[in-house]
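In the numbering used here, the protein residues as written are 1 to 397.
Do not rely on the hints blindly, as some may be mistaken.
[As the list claims (entries may be wrong)] Simulated restraints on C-beta separations:
#	residue 1	residue 2	range
1	S217	D22	27 to 35 angstroms
2	R321	L363	13 to 21 angstroms
3	E328	A354	14 to 22 angstroms
Hints listed in this document are in silico derivations from the structure and should not be mistaken for laboratory results. Everything numeric in this text was worked out from a predicted model, so none of it was measured. Ideal Cβ placement from N, Cα and C applies to all residues, glycine included.
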Amino acid sequence: MSISRIRIVSGPSQGRTIDLPDTDELIHLGRSLDNEVVVEDPALAPRQASFVRRHGRYAVYVFEASDVRLDDRPLPVQQWVWLPPVARLRLTDATTIVLEAAVSSAHAAASDGTDASLPAAAADGSRPGAIETAASTPASASSVARTAAATPTARNDVATSPAVLPEPSAIRSHESPPHAQRPMTPTAADESSSRGESPATEQTNWRTEAAETSARSRNDQKASAAATAPQTPSRAAAKRDVPRFVADRQPAHALRLEDGHLPELHLAEETDEKPHRQGWSGSSWLVYAVLGLSMVSSAALLLIDAPNPAASADRQAEARRALRRFYEASDDLQPYQRLLLEAALAHERGDHRAERDAYLKVLALLNAEDKNPFLGLTGRLSDDAELRRLVTIALQE
Numbered sequence: 001m002s003i004s005r006i007r008i009v010s011g012p013s014q015g016r017t018i019d020l021p022d023t024d025e026l027i028h029l030g031r032s033l034d035n036e037v038v039v040e041d042p043a044l045a046p047r048q049a050s051f052v053r054r055h056g057r058y059a060v061y062v063f064e065a066s067d068v069r070l071d072d073r074p075l076p077v078q079q080w081v082w083l084p085p086v087a088r089l090r091l092t093d094a095t096t097i098v099l100e101a102a103v104s105s106a107h108a109a110a111s112d113g114t115d116a117s118l119p120a121a122a123a124d125g126s127r128p129g130a131i132e133t134a135a136s137t138p139a140s141a142s143s144v145a146r147t148a149a150a151t152p153t154a155r156n157d158v159a160t161s162p163a164v165l166p167e168p169s170a171i172r173s174h175e176s177p178p179h180a181q182r183p184m185t186p187t188a189a190d191e192s193s194s195r196g197e198s199p200a201t202e203q204t205n206w207r208t209e210a211a212e213t214s215a216r217s218r219n220d221q222k223a224s225a226a227a228t229a230p231q232t233p234s235r236a237a238a239k240r241d242v243p244r245f246v247a248d249r250q251p252a253h254a255l256r257l258e259d260g261h262l263p264e265l266h267l268a269e270e271t272d273e274k275p276h277r278q279g280w281s282g283s284s285w286l287v288y289a290v291l292g293l294s295m296v297s298s299a300a301l302l303l304i305d306a307p308n309p310a311a312s313a314d315r316q317a318e319a320r321r322a323l324r325r326f327y328e329a330s331d332d333l334q335p336y337q338r339l340l341l342e343a344a345l346a347h348e349r350g351d352h353r354a355e356r357d358a359y360l361k362v363l364a365l366l367n368a369e370d371k372n373p374f375l376g377l378t379g380r381l382s383d384d385a386e387l388r389r390l391v392t393i394a395l396q397e
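Please model the complete structure; the sequences and the hints are all you need to start from.
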């Protein structure tokens with residue numbers, strides 16, 4: 001294989017193949033879209049795990065407490081664990097991935113047997129193939145180196161069982177800061193164990209060397225900046241000037257005392273005219289509104305005529321006379337014709353309430369839904385419209 005890839009063998013995204021970038025930077029995996037490897041599974045965390053490559057070999061780091069398994073073995077949480085070249089990881093009950101690392105001759109030569117020197121079992125003599133955790137391996141760097149030295153392996157062989165790496169802050173592509181804890185590689189562990197130095201002594205020596213190196217680099221940067229910065233004659237002369245305290249200069253006073261009198265304050269008194277003017281201008285719009293409303297109402301009273309009672313009575317009398325033709329010409333009276341006759345008799349008696357009730361019943365028959373839509377109530381739709389108009393006029397008060 002020349003390209004490292006991740007294959008999703010089960011789950012919602014089954015069948016996808018994701019090529020991993022050829023870089024030693026961190027590769028994040030999870031449900032969130034900002035990860036380099038996005039797996040569509042609701043049971044996954046937004047960022048479930050991270051991968052890193054060192055000398056052609058990958059390691060995994062699980063962020064949250066979850067049942068992530070490597071070949072049916074649970075992985076420790078928040079610890080780096082080495083992976084074999086082909087690792088089968090079960091992220092959730094539904095999703096399983098297979099990470100295939102690209103093993104090339106260049107990576108094998110660059111590693112110089114470092115990956116192959118990782119232990120194949122825990123340092124405390126547990127069963128082979130168990131995942132080595134930080135809790136089960138005190139002084140992890142030195143114990144890993146001693147176990148690796150006692151384990152005969154080939155130069156280009158890669159261990160198949162995972163081993164725990166240092167914290168993720170220690171696995172960086174750039175140099176760690178001086179205050180960070182430096183992880184001991186298997187080669188450094190071999191050298192320290194061969195010299196008989198403890199891991200604490202090795203850590204202290206590394207911190208001292210890092211501090212000295214950082215101080216020397218800062219001094220070199222300051223010296224180079226001072227040498228390359230151009231200095232003008234005026235700036236050099238300004239540096240040679242020594243500041244002196246001048247005591248004979250007196251600041252100019254803002255207040256001048258004349259004739260021995262202190263300054264007096266004069267308060268300007270405002271008259272009452274200005275507030276009154278402001279109040280009048282603020283309420284002027286209300287006055288204009290009242291005047292406009294009164295003018296509109298006056299015009300309406302002049303232009304709109306009041307209804308004439310005499311004209312209304314004449315129209316009603318004419319409507320009653322016109323309604324007689326709907327029932328006088330027929331011998332067999334229909335229901336609406338009998339109602340019109342009852343209204344006429346009630347009007348003759350002076351019973352306006354009975355007349356009004358009869359006319360309302362006629363309107364109800366005209367508005368009924370069960371009448372013939374083509375013939376109407378009277379037999380002609382035009383007669384229905386005329387009957388409705390006359391009854392409406394007769395009902396007006």
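Quick rundown of the hints versus the structure:
no. : hint                            : result
1   : S217 x D22: 27 to 35 angstroms  : holds (30 angstroms)
2   : R321 x L363: 13 to 21 angstroms : holds (19 angstroms)
3   : E328 x A354: 14 to 22 angstroms : holds (20 angstroms)
Checked against the numbered hints above, the structure violates none of them.
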